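Peer 1: From first to last, the protein sequence lines stand for chains H and L. In terms of the UniProt record's numbering, the numbers along the first sequence are unbroken and rise by one, the last being 477. In terms of the UniProt record's numbering, the numbers along the second sequence are unbroken and rise by one, the last being 477.
Treat each hint with caution, since some may be false.
Copies of one chain are not kept apart here, so a pair can be met inside one copy or by any two copies together.
Stated by the list, open to error - Cross-link-like lysine-lysine pairs, in silico, BS3-like; alpha carbons within 27 angstroms at most:
#1 Lys445 / Lys426
#2 Lys19 / Lys181
#3 Lys319 / Lys44
#4 Lys319 / Lys19
#5 Lys305 / Lys181
#6 Lys181 / Lys228
#7 Lys181 / Lys255
#8 Lys255 / Lys228
#9 Lys426 / Lys450
#10 Lys273 / Lys181
#11 Lys305 / Lys19
#12 Lys181 / Lys278
By construction, these hints were calculated from the structure, which means they are not laboratory data. Computed from a predicted model, the values in this text were never measured in an experiment.
2 protein chains.
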Amino acid sequence: MSESIPHWLTKQADLAPGKMAIEHEDGLAISFRELKESSQHFAKKLAQLGITTGSRVGVLSANHSDMVIAVHALSYLGAVAVMLNTRLTDNELNYQIHDADVAFVLVQEHGPQLDASVYTFSEIKKLEEKDVFLQTELNLDDVFTIIYTSGTTGFPKGVMHTYGNHWWSAVSSMLNFGLDKDDKWLAVLPIFHVGGLSIFLRSVIYGIPAYLLEKFDANKVNEAILTKDITIASAVPVMLKKLTDALGSQTYPDKFRSVLLGGGPASRSLLEKARTHKIPVFQSFGMTETSSQIVTLSPDHALDKPGSSGKPLFPAQLKIDPSENGIGEILVKGPMVTKGYFNNKSATERTFVDGWLATGDLGYTDDDGFLYVVDRRKDLIISGGENIYPSEIETVLSRLNVIREAAVVGVKSDEWGQVPVAFVVKNGETTAEEIMEFMKNHLAKYKLPKEIHFIDKLPRNASNKIVRAKLLDLLAE
Amino acid sequence: MSESIPHWLTKQADLAPGKMAIEHEDGLAISFRELKESSQHFAKKLAQLGITTGSRVGVLSANHSDMVIAVHALSYLGAVAVMLNTRLTDNELNYQIHDADVAFVLVQEHGPQLDASVYTFSEIKKLEEKDVFLQTELNLDDVFTIIYTSGTTGFPKGVMHTYGNHWWSAVSSMLNFGLDKDDKWLAVLPIFHVGGLSIFLRSVIYGIPAYLLEKFDANKVNEAILTKDITIASAVPVMLKKLTDALGSQTYPDKFRSVLLGGGPASRSLLEKARTHKIPVFQSFGMTETSSQIVTLSPDHALDKPGSSGKPLFPAQLKIDPSENGIGEILVKGPMVTKGYFNNKSATERTFVDGWLATGDLGYTDDDGFLYVVDRRKDLIISGGENIYPSEIETVLSRLNVIREAAVVGVKSDEWGQVPVAFVVKNGETTAEEIMEFMKNHLAKYKLPKEIHFIDKLPRNASNKIVRAKLLDLLAE
Numbered sequence: 001m002s003e004s005i006p007h008w009l010t011k012q013a014d015l016a017p018g019k020m021a022i023e024h025e026d027g028l029a030i031s032f033r034e035l036k037e038s039s040q041h042f043a044k045k046l047a048q049l050g051i052t053t054g055s056r057v058g059v060l061s062a063n064h065s066d067m068v069i070a071v072h073a074l075s076y077l078g079a080v081a082v083m084l085n086t087r088l089t090d091n092e093l094n095y096q097i098h099d100a101d102v103a104f105v106l107v108q109e110h111g112p113q114l115d116a117s118v119y120t121f122s123e124i125k126k127l128e129e130k131d132v133f134l135q136t137e138l139n140l141d142d143v144f145t146i147i148y149t150s151g152t153t154g155f156p157k158g159v160m161h162t163y164g165n166h167w168w169s170a171v172s173s174m175l176n177f178g179l180d181k182d183d184k185w186l187a188v189l190p191i192f193h194v195g196g197l198s199i200f201l202r203s204v205i206y207g208i209p210a211y212l213l214e215k216f217d218a219n220k221v222n223e224a225i226l227t228k229d230i231t232i233a234s235a236v237p238v239m240l241k242k243l244t245d246a247l248g249s250q251t252y253p254d255k256f257r258s259v260l261l262g263g264g265p266a267s268r269s270l271l272e273k274a275r276t277h278k279i280p281v282f283q284s285f286g287m288t289e290t291s292s293q294i295v296t297l298s299p300d301h302a303l304d305k306p307g308s309s310g311k312p313l314f315p316a317q318l319k320i321d322p323s324e325n326g327i328g329e330i331l332v333k334g335p336m337v338t339k340g341y342f343n344n345k346s347a348t349e350r351t352f353v354d355g356w357l358a359t360g361d362l363g364y365t366d367d368d369g370f371l372y373v374v375d376r377r378k379d380l381i382i383s384g385g386e387n388i389y390p391s392e393i394e395t396v397l398s399r400l401n402v403i404r405e406a407a408v409v410g411v412k413s414d415e416w417g418q419v420p421v422a423f424v425v426k427n428g429e430t431t432a433e434e435i436m437e438f439m440k441n442h443l444a445k446y447k448l449p450k451e452i453h454f455i456d457k458l459p460r461n462a463s464n465k466i467v468r469a470k471l472l473d474l475l476a477e
Numbered sequence: 001m002s003e004s005i006p007h008w009l010t011k012q013a014d015l016a017p018g019k020m021a022i023e024h025e026d027g028l029a030i031s032f033r034e035l036k037e038s039s040q041h042f043a044k045k046l047a048q049l050g051i052t053t054g055s056r057v058g059v060l061s062a063n064h065s066d067m068v069i070a071v072h073a074l075s076y077l078g079a080v081a082v083m084l085n086t087r088l089t090d091n092e093l094n095y096q097i098h099d100a101d102v103a104f105v106l107v108q109e110h111g112p113q114l115d116a117s118v119y120t121f122s123e124i125k126k127l128e129e130k131d132v133f134l135q136t137e138l139n140l141d142d143v144f145t146i147i148y149t150s151g152t153t154g155f156p157k158g159v160m161h162t163y164g165n166h167w168w169s170a171v172s173s174m175l176n177f178g179l180d181k182d183d184k185w186l187a188v189l190p191i192f193h194v195g196g197l198s199i200f201l202r203s204v205i206y207g208i209p210a211y212l213l214e215k216f217d218a219n220k221v222n223e224a225i226l227t228k229d230i231t232i233a234s235a236v237p238v239m240l241k242k243l244t245d246a247l248g249s250q251t252y253p254d255k256f257r258s259v260l261l262g263g264g265p266a267s268r269s270l271l272e273k274a275r276t277h278k279i280p281v282f283q284s285f286g287m288t289e290t291s292s293q294i295v296t297l298s299p300d301h302a303l304d305k306p307g308s309s310g311k312p313l314f315p316a317q318l319k320i321d322p323s324e325n326g327i328g329e330i331l332v333k334g335p336m337v338t339k340g341y342f343n344n345k346s347a348t349e350r351t352f353v354d355g356w357l358a359t360g361d362l363g364y365t366d367d368d369g370f371l372y373v374v375d376r377r378k379d380l381i382i383s384g385g386e387n388i389y390p391s392e393i394e395t396v397l398s399r400l401n402v403i404r405e406a407a408v409v410g411v412k413s414d415e416w417g418q419v420p421v422a423f424v425v426k427n428g429e430t431t432a433e434e435i436m437e438f439m440k441n442h443l444a445k446y447k448l449p450k451e452i453h454f455i456d457k458l459p460r461n462a463s464n465k466i467v468r469a470k471l472l473d474l475l476a477e
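Given the sequences, and given the hints that come with them, work out the whole structure.
Peer 2: Right, here's the structure in full:
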């Protein structure tokens, strides 16, 4: 049966009106009452544009409290927030805007050329308010956000998150970490990713402040953790590495209880270094489809289960299927898992098997039930916490007539974990510079291959599939 | 959409196999793995009797780990646990057994003459195991327990609790209290009441031990809290009073973070006394239908909101309707609220209005949204945390031919909060002793009137309703 709960921000503003919801590095802070009131005013101004129940509205912004207010405002209208990645090119953004049928995009500042009506947060604030009904309850089955993930076909798919997905994700995390009413969660991950967004929803559900940083700067993050009573921070490995490097001989305070580490595996040396700085690390496995972490390893097991991603959170389940010698595709299930991709029934049907989400990643579980991820889904490259699918880059390359075929692999990088490298078989005269110039218009900067190698033909196996391992061997040579 | 989660005990046994689930005062303890295994074995033995999905099985026991195992065993079979109050007479028990269509009753020891097949826990343990499917998931919409409440008609009604009701209750409580993985919850309330049962479900959901006491003894409870690392205890006001009386000059340890107080209002003097003993008291309002607390007042507000029951828990809502001068019936809504009474559609329809549960209690909310209960539902008498409905006693009295009519009121008691007192208009020759003798066969001891007064006629108003206030005036005279 479909459950409803009171609108979570209205509720928290009622339970803890004067408590801080968002704190900024400049010392400014917004209470739950203020966040509710700002969001409700913002909602009534958005209504003036015709945004209403079910409208899909793009949100394109760096981390800022205005962005959080905009997202809550959309929830008051029953509209859907399509969270857009600021690192994407206009072409990539417009693909998502068309796919999600987005008529309005809310931005921090004008710039991108988008196929939609674009308003800055400031422009919205200057609008008159329309007297409309604001949601007093949230139906857990209603879709709240759409976040695109590229996936294996080269075409991004819009992952739908219901209010229930976000709710269960927050509750699952609480059952794992516990909840101290004095918790304060540092938010430096981009809010347009589910890992960043979820911090602001947990803040509202738990009644704790999120400490918002606009961008990652190791010294600023360390300073915040050392002096601002922060107890939890979400990060990706590349960030954790920079944090430990910048700490010198300092250690994190006792009240700091965890770094929740997502976006790819952490090396043993990084974990050991974190330990010397008294940084408890919860490694996790998750993806946009699981509304952030779904499998988590507590610091207690960091050393006796090295390389493991841990166990599925309380309401979640995991299985390996089909299993050959114990290794197989990782399937997950639970109320935080998306119900599917927006307007893409075939992708949804391909991804779900009897209610289980097929992650595409390969792994196994040990006798104690701990998950080990052996291989990332379909050659996924994780670079600085961002997912890059080779197929997406290959699709762009294949549009050039001078290229016969191309393959992309992830290469280890000390700084980013991995970076993409392209192998190209020419079909005519071209240069690496020409190819890069073309790609810059179609791919976000972080997706651009760091090297382009020209080869005579791609290594293929008997069934004509590209053998990426051989490409890596070529590089080694 | 109907959500499923992994079976909560199996899951906790997987996440924290070696952690203690139940601790006893004799020092014995059961880990989550042991609790799971015992419950699964017990389930397979119950299956031997033919107990299966949907079977309604009575559980009649004082607080004991066997009782907890039996309840979890029923969940593995998908059977429904009908929790029977050990204080009831055989007649009262059989009413519930017939009403819920119970074929089997599990007891601690033989004794009561029940209209069902009765097995002790020990007898079950001696049975062979049947190889049956044990639930691996819990569908949150499935009914897990039925607990009877008397209500206003004099006939008890079976309140159905789904797994979801219990789940949401546990999550709501966690959002209110926070959750420390070192929490330990003292369980001395009867497990046959929802307030006691819920402690053992929270234990499994949170992964924390329940400290089980078979019966209330102020010195034993205090000793446990002072020496056993207990952080939370559930109690009713009469218990809290005895605990503070027995404490002498001692105070509770700093790590003890709350008494969750249910089952009726606490006096200001009791709250002040608790404070001198460093006992943080969370007063609450709830009932069987709300799966324990649904409105809670934190200790922060005990003094600035004296007499208030607090605010509805995060996923819950409250309204006063219809409101005259701000006072009206208290209606509540939320995913912890029962979907209705077993096999009693008319009572369910009477109780629910547009998805809201009409509590029958009168109250108002102040400008900050804090609830004040003005009058308990339909003259409800709360004696030592047990609910007594005057109508139930009156119905029994009316069966005696020598009684023309009778009315029961609650009278203040230092020891019990309230006790019932009966006013009887005779129809022939009888004595108070005769009447008491008759009632003893039909009413639990705690429901027996402490006094019987013979009067010439009952005071009635213009519409012929009994004016109970006038009966209280008679007593005062």
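Peer 1: Run every hint past the structure and note whether it holds.
Peer 2: Hint check results:
1. Lys445 / Lys426: within (23 angstroms within a copy, 93 angstroms between copies)
2. Lys19 / Lys181: Both: 11 angstroms inside a chain and 24 angstroms across chains, each within 27 angstroms.
3. Lys319 / Lys44: Classified as between: cross-chain Cα gap 25 angstroms, same-chain 45 angstroms, threshold 27 angstroms.
4. Lys319 / Lys19: Only across copies: Lys319 and Lys19 sit 24 angstroms apart there, 41 angstroms inside one copy, limit 27 angstroms.
5. Lys305 / Lys181: between (30 angstroms within a copy, 21 angstroms between copies)
6. Lys181 / Lys228: So Lys181 and Lys228 pass the 27 angstroms test inside a copy (15 angstroms) and across (24 angstroms) alike.
7. Lys181 / Lys255: both (13 angstroms within a copy, 15 angstroms between copies)
8. Lys255 / Lys228: Both. Shortest intra-copy (11 angstroms) and inter-copy (24 angstroms) distances satisfy the 27 angstroms Cα cut-off.
9. Lys426 / Lys450: This pair counts as within: shortest intra-copy Cα distance 18 angstroms, inter-copy 99 angstroms.
10. Lys273 / Lys181: between (29 angstroms within a copy, 26 angstroms between copies)
11. Lys305 / Lys19: between (39 angstroms within a copy, 19 angstroms between copies)
12. Lys181 / Lys278: both (22 angstroms within a copy, 19 angstroms between copies)
Against the hints set out earlier in the document, no violation occurs for any number.
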